[in-house]
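Kindly generate the complete structure, drawing on both the sequences and the hints.
Read top to bottom, the protein sequences are chains A and B. The working numbering applies: residue 1 is where the first sequence begins, and numbers increase by one. The working numbering applies: residue 1 is where the second sequence begins, and numbers increase by one.
Hints were generated in silico from the structure; no laboratory data involved. Every residue, glycine too, gets a C-beta built ideally from N, C-alpha and C.
Residues from chain B that face chain A, not an exhaustive set, calculated with beta carbons under 10 Å: (1) Gln5; (2) Leu10; (3) Ile13; (4) Thr16; (5) Pro25; (6) Arg80; (7) Val81; (8) Val82; (9) Leu105; (10) Asp107; (11) Gln110; (12) Pro111.
Some but not every residue of chain B turned toward chain A, in silico, with C-beta under 10 Å: (13) Met1; (14) Ser9; (15) Ala17; (16) Ile19; (17) Ala20; (18) Ala21; (19) Arg22; (20) Phe42; (21) Asp45; (22) Phe108; (23) Thr109; (24) Val113.
Subject to a maximum C-alpha distance of 20 Å in a straight line, what follows is the list of computed EDC-like cross-link-like pairs (lysine to aspartate or glutamate): (25) A/Lys300 with B/Asp45; (26) A/Lys283 with B/Asp106; (27) A/Lys255 with B/Asp90; (28) A/Lys283 with B/Glu43; (29) A/Lys283 with B/Glu69; (30) A/Lys283 with B/Asp90; (31) A/Lys215 with A/Glu182; (32) A/Lys7 with B/Asp2.
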Amino acid sequence: MPLELAKPTELAVPAFVFFVLVEMIYGWKTGRAKFEGKDAFTSLIMGLGSTVSGTLTAGLFFVLSYWIWDNFRVFDLGAGLWVFALAFVLDDFAYYWIHRFGHRMRWMWAAHVIHHSSQHYNLTTALRQTWTGQFTPGFLFKVPLFLMGIEPAIVFFVAGLNLIYQFWIHTEAIDRMPRWFEAVMNTPSHHRVHHANNPKYLDANYAGVFIIWDKMFGTYIPEDRNEPCRYGLVRDLGTFNPLRVATHEWVGIFKDMWHAKSWKHKALFLLAPPGWTPDGSRKTSDMIRAEWLARQSAVKSQGNEAAETPVVTQPAE
Amino acid sequence: MDPIQVFGSLAAIMVTAFIAARMFPVKNPLDDTRVRNNIVRFEADAVIAEILIADGGNAALAKLDAPAESIGLTVQLGDRVVCRILRASDIKRADAKDGKLIIRLDDFTQPNVTLPFADKDKLTAARDLVNSVAIKSPTEKDVSHAA
Numbered sequence: 001m002p003l004e005l006a007k008p009t010e011l012a013v014p015a016f017v018f019f020v021l022v023e024m025i026y027g028w029k030t031g032r033a034k035f036e037g038k039d040a041f042t043s044l045i046m047g048l049g050s051t052v053s054g055t056l057t058a059g060l061f062f063v064l065s066y067w068i069w070d071n072f073r074v075f076d077l078g079a080g081l082w083v084f085a086l087a088f089v090l091d092d093f094a095y096y097w098i099h100r101f102g103h104r105m106r107w108m109w110a111a112h113v114i115h116h117s118s119q120h121y122n123l124t125t126a127l128r129q130t131w132t133g134q135f136t137p138g139f140l141f142k143v144p145l146f147l148m149g150i151e152p153a154i155v156f157f158v159a160g161l162n163l164i165y166q167f168w169i170h171t172e173a174i175d176r177m178p179r180w181f182e183a184v185m186n187t188p189s190h191h192r193v194h195h196a197n198n199p200k201y202l203d204a205n206y207a208g209v210f211i212i213w214d215k216m217f218g219t220y221i222p223e224d225r226n227e228p229c230r231y232g233l234v235r236d237l238g239t240f241n242p243l244r245v246a247t248h249e250w251v252g253i254f255k256d257m258w259h260a261k262s263w264k265h266k267a268l269f270l271l272a273p274p275g276w277t278p279d280g281s282r283k284t285s286d287m288i289r290a291e292w293l294a295r296q297s298a299v300k301s302q303g304n305e306a307a308e309t310p311v312v313t314q315p316a317e
Numbered sequence: 001m002d003p004i005q006v007f008g009s010l011a012a013i014m015v016t017a018f019i020a021a022r023m024f025p026v027k028n029p030l031d032d033t034r035v036r037n038n039i040v041r042f043e044a045d046a047v048i049a050e051i052l053i054a055d056g057g058n059a060a061l062a063k064l065d066a067p068a069e070s071i072g073l074t075v076q077l078g079d080r081v082v083c084r085i086l087r088a089s090d091i092k093r094a095d096a097k098d099g100k101l102i103i104r105l106d107d108f109t110q111p112n113v114t115l116p117f118a119d120k121d122k123l124t125a126a127r128d129l130v131n132s133v134a135i136k137s138p139t140e141k142d143v144s145h146a147a
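Listed below in structure tokens is the structure:
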């Protein structure tokens, strides 16, 4: 009999709405948080749609997870408090890799790009979630937890807590947390970098709760006060239409695969990093960063005044 | 998910978005500086020769010296700006009529862009600018559809 646990994210919805309104009022008073009506509407509709689409396929993943756990688990860890704590940490570790692949594999990016498609960074952005995550291989990253013997209900529960943690870090209203906290935990500062499309910040800070994963695996970049974050995609969407927001990268993948000249290219349009093309006509984040670094070093080698200060990307409009 | 929960959430979303729109009205239309800054941010190697801002400041075209055979497009989306560097193959069709230039792009993420120009000379200049790209590197669709 599966363990019956509450769904933390559903319980947190009223708090989400409350804190969005609080941030809005704070931003209105101080100018330290920015909103735009249509952008907020799209973000919130994406959040609702994500919940609905997740509900539609939750049963399938629930059954599959329990089948794996029932038949292949190595240990029976039970449901003690320490198992919840262990599950929380390991689930966050799995989240780091899901998230990293979510940026580095176009198949998974097709689902995750939605979360990055706003040019704003506020608490509504936290709720701008995918409708199509279930069509990616992200689930596979959770399988080791089931194999270890952590009951799926516990994994789903702690994954909900993980998402709730990540809500509050989507804000410009908080500058920096205490140093010890910034060292261990994911914070608004770290996550602003993750959402920024400045070349310097691309593909960094994948952490969910613990920033230590980024520090361990070389993907950590601290926020630089001289390089203000500009949010959104390297090629921003020209629409607020939720259906286009939800599906645009899938449409791009299908088009590219359809026109690809070989099976290898078809596969790479799905599995290679976003922006990959056989002829290099589009840019991956690595290419964008390399070009930026080349421009930086060119400025420095010219020995002009600009070398004294970094070349700052144009800030948000 | 309970239907009441869904409709309740929808209502909350509409109220929240309405409040956001009232508290943070969109004020600044595009001007030369914003267009220039955003195009260079989007394409660091862009060299802008001329900017044509549509009436109302919601969209603008930029004649570029670099990259070659391309033009810049900036569109105001809410209070932010979206940029594209357009080459011949990006333009599906462009129609100049009733004081407006409507550009249809081969881009699922960018719906049709409408640039109103009350000044006929400006409209002609904008149309010619789009044509200059479409004609330089013609594709079948550009030759038959460009304005």
